[in-house]
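Please build the complex by placing chain B on the supplied structure of chain A, with the hints as guidance.
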Amino acid sequence: MGAPDTTSRRTLRWQLATVTGIRDEAPGVRTFRLALQDVSAHLPGQYYVLRLTAEDGYTAQRSYSVASAPDGTATIELTVERLDDGEVSEFLHDVVVPGDILEVRGPVGGWFAWDGGSPALLVGGGSGMVPLAAMLRHARALGRPDLVRMLVSVRTPESLFYGDELTGPQVSVVHTRTAPDGATRPAGRLTIDDVAPLVRGGETAYVCGSPAFADAAAELLVEAGVAPESIRVEQFGPTG
Amino acid sequence: MPPVTRGFVGRRTRDKRLPPGQYDVGGQWPVLTAERAPHLDTSRWTFTIEGLVERETQWTWDEIRALPDERWDGDIHCVTTWTKFGMRFDGVSVDTLLDSARPRPEATHVVAHSHSGYTTNLPLADVTGGKAWVVWNAEGSPLTREHGGPARLLVPHLYFWKSVKWVAGLRVADHDEPGFWERNGYHDRGDPWSEQRFQGD
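The listed protein sequences derive, respectively, from chains A and B.
In case it helps, my numbering puts the first sequence at residues 310 to 549.
In case it helps, my numbering puts the second sequence at residues 63 to 263.
Pulled out of the complex, with its shape left as it was, chain B reads as follows:
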């Protein structure tokens, strides 16, 4: 246990839905990005799965919207220690997309990237099996530009820097390749319940 801070009591009620070190941000939804939010026109937006796949596949906005959609309800956790309870997102399962592209047997990881050049790495197992989506609605409304609209990745069981805003695609690989924040000291996986915030955690 860390050393006790003199005089610190803290909030006495702790919701069991809060991972360690997190606090309930309430009705707010903070914005944290490292760059200017791009203006993306859905008429030119695409999502591509490439790399170690049997069939490199690209969807236009209309094509991805025509796929079977799913709804996700749950909590999201940011490495900067806020948690937001009871979010709702609508989108398409990454399983559906990968089923089309068909990763090769040796595939183990993906690099998810945005239309603005942001990247993050994820084990393939963390974006398959009903754990990740490409989403376009939040709380029943179209995702705003500042929150990654028109579409972002949603990997809600990991810290939210993995849920790439303005997502452009996945590159499938047979090795782990650190992305933007991971090269800047953040953890390669980012499980909130294990507090995998920074390298070495």
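Bound conformation, chain A alone:
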């Protein structure tokens, strides 16, 4: 890990955002479109903090990666997986409707972020594909899809979201439990054969997923020749 390539020491203020749209992505996975008051262009890979407040002042906060690419408008999209007993994710899924006001601040995180200026290899497991989708969308919006290669690992075809966008020569999808009909690759965990063909040399690798996935994927990247210092990791979730 070298020095961060972006510096962000400005104050992050809470602001109110209006929910303008809600979209189902997969079972238990929804995208919330938010209209912000303050435009602050994010870098793909950055996240926002969301704060809920009850009438007695009790608050809960969680961080969610931005799924959308910066498009010059004051809107962002957050994709949220509904977790069992997830205090905030259950509320977002079960209670929030368009027109509701939510409190957010961001964007946060300057390390796991891609500015669109250099080759990137994106490796995501499960909902780890969210910040990587922002990078893919940004690359396409810039007219530079060639800069990005994306490898997504999902359990079943149904658990892939943004499915209509995760196609084309930039994207490889690996299924770990159930492969789709007619797939040439049998279902199974990520291997060096999935990773090695995507490594071109000179790219920065962005790995996002559970700790077990991220650790395994980072090891495969090193085995495939990516320098450890060129691998950026964002992990979420518990360890055993």
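Because the hints were derived from the structure by calculation, they are not lab data.
Keep in mind that the hints are not guaranteed to be accurate.
Here are some chain B residues pointing at chain A (derived, C-beta under 10 angstroms) [to be verified]:
#1 Glu97
#2 Pro100
#3 Thr108
#4 Gly191
Just so you have them, the derived chain B footprint on chain A, three or more residues with Cβ under 8 angstroms [claimed, not checked]:
#5 370-384
#6 459-468
#7 535-541
Glycine included, each C-beta is placed from N, C-alpha and C at the ideal position.
Relative to the frame of chain A, chain B by itself:
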């Protein structure tokens, strides 16, 4: 008070041990790192105190393990809002290490750094007086690689990004110098009870 969110009730029981904005993660221990977890061999591991000290000092694994060890029991708090109650760590007090290196009178801060290049800044007062340790056991077992093994810094009264994994040493200075996350918008101190998460908090 922040504006009320329509329909939000939240969890009705709140443990007094939880700082504001935190939740009890239960039996889990999340892993959050920005990099690949390095493979560190204890035969080559070192811990160094340098900078504004009377005597720059380096310990090998065997040397640091031979120092008087201490046990810490308590709660840890991550800026990403999880708190884990009732943790136990074994290691050596940073006081013991600094007593050997002897910071100069003008020293006010340290930069703690890892074997992989991660850095974080801390006031000297936050790592002295029985508030910080270099630890190698968690819950009675050797610290795993993903949690910073073979040894990490433990500064449990601050958010856990200050508790550097794979710790390599402290650089003592007469000024505050932001580290990795601090340059990326995180707070310079990180007190959970004051919710010092990001710059300006």
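How the hints compare with the structure:
1. Taken as an interface hint, Glu97(B) checks out: its beta carbon lies about 5 angstroms from the nearest beta carbon of chain A, inside 10 angstroms.
2. Contact between Pro100(B) and chain A, as hinted, is supported at the beta carbon level, the nearest pair being about 7 angstroms apart and thus within 10 angstroms.
3. Because the closest C-beta pair between Thr108(B) and chain A is about 18 angstroms apart, greater than 10 angstroms, the hint is violated.
4. Interface hint status for Gly191(B): violated, as the beta-carbon distance to the closest one in chain A is roughly 28 angstroms, over 10 angstroms.
5. Under a criterion of three residues with beta carbons nearer than 8 angstroms to beta carbons of chain B, the stated coverage of the segment 370-384 of chain A is upheld, 3 such residues being counted.
6. With a cut-off of 8 angstroms between beta carbons, the segment 459-468 of chain A has 0 residues touching chain B; three or more are needed, and the interface restraint is violated.
7. For the segment 535-541 of chain A, the assignment as covered by chain B holds, since 4 residues bring a beta-carbon within under 8 angstroms of that chain's beta-carbons and 3 suffice.
Consistency with the previously given hints fails for numbers 3, 4, 6, ordered from lowest to highest.
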